[in-house]
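**Q** Residues per chain are reported as follows:
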Amino acid sequence: MRNERDMTTNSAFRTPHSALEVSFTLNGTPTTVSVPDSERLLDTLRYRLGLTGAKEGCAEGECGACTVWLDGLPANSCLVPIYQVRGRRVNTVEALDPAAVAPLLDAGATQCGACTPGVVMTALWILQHPDVLATHTVRELMAGNLCRCTGYDGIVDGIEAARP
Amino acid sequence: MKRGPPSTGAAVQRREGLAKLTGRERYVDDLPLEDFLWGMTVRSPPPSPRGSITAIRFGRDVDWSQFVVVDHRDLPGPNVVYLIEQDQPVLAAGVVRHVHEPVLLLAHPDRDALRRAVHAVEVVVEPEAPVLDFRLPSRSDEIQYGPDNVLKHLRIEKGDVARALAQAPVVVEGEYETGAQEHVYLETQGMIAALEGEVLVIRGSMQCPYYVLNALKHALARDETRLRVIQTPTGGGFGGKEEFPSHLALHAALLALKAGRAVKMIYDRGEDMAATTKRHPARVRHRTGLTRDGRLLAQDIEVLLDGGAYVTLSPVVLSRGLIHAAGPYFCENVRIDGRAVFTNAVPFGAFRGFGAPQTLFACERHMDVIARTLGMDPALLRRVNLIRDGQSTATGQVINDGSDRVAVLERALDVSGWREKRRAHAAFNAARAPVRRGLGLATFYHGGGFTGGGEVYLKSRLQVAGLPDGRIEVRSANIEMGQGTLTVFTQIAADRLGLAPDAVVIAEADTARVPNSGPTVASRTTMVVGRLVERACDDLRRRLGLSESARGDSVRAALRDWHRAHPDQSLVGEVVYEKPPGINWDDATYRGDAYGAFAWAAYVAEVEVDLRTCAVRVTDFVAVQDIGKVINEILARGQVQGGVVQGIGWALMEECKWQDGAMVNNQLTNYIIPTSDDVPPIRVAFLETPYPHGAQGAKGLGELPIDGPAPAILNAIAEATGADPRTIPLTPERLMTIAEFGMRNAE
Ligand code: FES
Ligand code: FES
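Going down the list, the protein sequences come from chains G and F.
Going by our numbering, the first sequence opens with residue 83, and the numbers climb by one from there.
Going by our numbering, the second sequence opens with residue 872, and the numbers climb by one from there.
No lab work stands behind these hints, which were simulated from the structure alone.
Since this is a predicted model, take the numbers as computed values, not measurements.
Even for Gly, the Cβ is constructed at its ideal location relative to N, Cα and C.
It is possible that part of the hints are untrue.
Stated by the list, open to error - To give an idea of the interface, some chain F residues facing chain G are shown, with a C-beta separation under 8 Å as derived from the structure: (1) Val1055; (2) Pro1339; (3) Ala1459.
Stated by the list, open to error - To be clear about the criterion: a stretch of chain G counts as covered by chain F if any three or more of its residues have a C-beta under 8 Å from a C-beta of chain F, and this derived list gives those stretches: (4) 138 to 146; (5) 155 to 168; (6) 182 to 188; (7) 232 to 241.
All chains should be built: construct the whole structure from the sequences, respecting the hints.
**A** Below, the structure is given as structure tokens:
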């Protein structure tokens, strides 16, 4: 079944040279895309499916701005070739419950916002798996998400405030 | 802490915060766009920073008929990016002055095909002798600007430095160097250009829509009625989106005009880091005369900035750097001589702090060198010399703002536990463990708004419109890039008219709709433009025939009544910047009131240094400042924390590696910025001494926090190790080269 979303805003990928059919579950909805075999998950989400929450900050797994959940775990979607997503579950920032981010807003976790969708995906994963906080600090767990604006206090404080 | 009563707008939540947190905020690369081409840049290749272009070869494997190709001959107007001097071409025409200079523009619907095409173009450069080290005098065959490659020379003089130095009982000298710094705004530069009828519309990430408009007007020879610039939500700027977006807008515009279709250009991180501006590298020398008990008698300071291959903003960066170079101290005799020099490096440009972080690093590190020479407590040395009300700065500006700078210092010492920790660290270090601890201090200041007559020259205009539904709309060209403009303007306007925050609309920064309230730079938005918001609110109230005290319901009712009486008309309060009384600046002599107001600060850093690896960890950081008035505590604190962490990066890890005048570590894998795990919580405190000509009493804040961390941290490392570091970034490798001395000293 095809996802009914706005399928593409980018004509660059309309004529794949070696097209690949990939089916996966996107934010709970079965989704099939036909894409060039070299495409990254980040581009599929952004340019083909119109889910522009995840950002490209570096394209090499350093900044975390492209963070999504892959089978429930945070992953840098800039490093995931689309064919690896076949049959898996992808969750993006667009599907989050806005209420869950309220403590982050109150603590000043976002400024320019370019890192924010990625930060939120990691932060909410931590909050849903509080047992990791027994062995790791919030600062250690957030170290894969670069932020150039906040100095991290707003992010760390927001997560601490939201801890169960 | 002095605080006024809570107001209507107090503690307004970041207005666009929820959109950002839920991924709904649309940045330029997120905008829906139909039927467009991607655009990319062909740049001059290494290893020739300087030379003539002798050939441009298009590879045979590409079907070039599918591509839109633009070169300098496609420019309708003069081939310059309009700025202080008209020296930088939009596209290289025959000669190049730095590696990665833009030569051609290409557009194509398929981004991958475009990438391959960019690599298939060969630009051949016949090399000439480049200047690559700004510290060395240029040979005659290297001169490329004026008679001596000096882009700008400025001098500030007060008293008689030569005599005072000759008579001073103690003279301390020092030389300090700071490296380039890359902005690393998380959203790279991006721009969309499209023709909408006759109007060329630019949408993109930028700090200064009217700078972009001017650059387009000039180089495209196109009048303003056929141009429109719209800022899109901007994912960080820090100065990196002050002047550079004019280039990208021109590039996208040229492609769009030639293609007859919309063109989108988004830099990837590698291009962004390699080809855009950075913080100016600097070398600063101090010769300071003092009494034996540490009173400043003379400050002789020499500043040298690497300007890179075009003038860009170097003259004004130099100016701000010089004005801040003597520190927040009183001294009768001061001479500050500065030059920004040409090199064949990718041009340096605006970066948060704008020259002041470089000169304040030198000044504040030098204060600790002096303290060590005199055997004096660094806090005492500063307390003795901090400027008091009634005393004057190097430019002769008499400070009389009521702020208690000693109290700022005392507060930082108290909060950081300075005295107890210094004792504890001395005892800890005496045990000669491989890890040493130290505490370091910096006291400093930052002037808000444009330097000297700059604000007068800008003639900023701003409007507040009264809407028929009882809301108001603030129309300014000042943009949100994370620093909180939307929220702070909302608060200022809501407070002024007694309205609820959601009754305030902030207009999109669209040159077709908002007047030119000046650029979003120089810590001027809250202090200077915020004051225009207040005055435009007052003007709106006057136009409604209301008294000065009218607020809330009476304003809302008057707005509705006015619109009922004047259907289909618009009601706009409008103001132009007016110089506050008593502020005078003479640009010819460089004397007078350099800034309307200075914010004052004292920062304390605590470090742990592992003498085996030379790894430095900042274990505590206290930032105390008097910024006039805190308008939104969460936002203000966030500005300080973010600025401090950027400063920690500049001090310890952010190193641009240069080859042929270009950055070769142009990726986040090997240009290291701090992560959450590299920095401690930044502890922030504010003091408030209102500035009567700033919005609600506010002074500028945005840049201040990047001035203090580097010297405070190096002073802490010096204290911990006994070493005498004078260059940043002080990477472990660099510390290791001087640490042997440190370890011997510590034995
Ligand atoms: S864009 Fe994926 S980690 Fe930076
Ligand atoms: S909020 Fe700007 S990078 Fe994090």
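**Q** With reference to the structure, classify each hint as holding or not holding.
**A** Verification of the supplied hints:
The restraint placing Val1055 of chain F at the interface with chain G holds, with a minimum CB-CB distance near 5 Å, inside the 8 Å limit. Restraint check, Pro1339 of chain F versus chain G: the minimum CB separation of about 31 Å is more than 8 Å; hint violated. Hint status for Ala1459 of chain F: violated, given a least beta-carbon distance of 39 Å to chain G, over 8 Å. With 7 residues bearing a CB less than 8 Å from a CB of chain F, the stretch 138 to 146 of chain G meets the requirement of three and the coverage assertion stands.
Judged by the Cβ-Cβ criterion of 8 Å, the stretch 155 to 168 of chain G is not covered by chain F as claimed, because only 0 of its residues qualify and three are needed. Counting residues of the stretch 182 to 188 of chain G whose CB lies closer than 8 Å to any CB of chain F gives 4, so the stated coverage by that chain holds, three being the minimum. With 7 residues carrying a beta carbon less than 8 Å from a beta carbon of chain F, the stretch 232 to 241 of chain G meets the three-residue requirement, and the given coverage holds.
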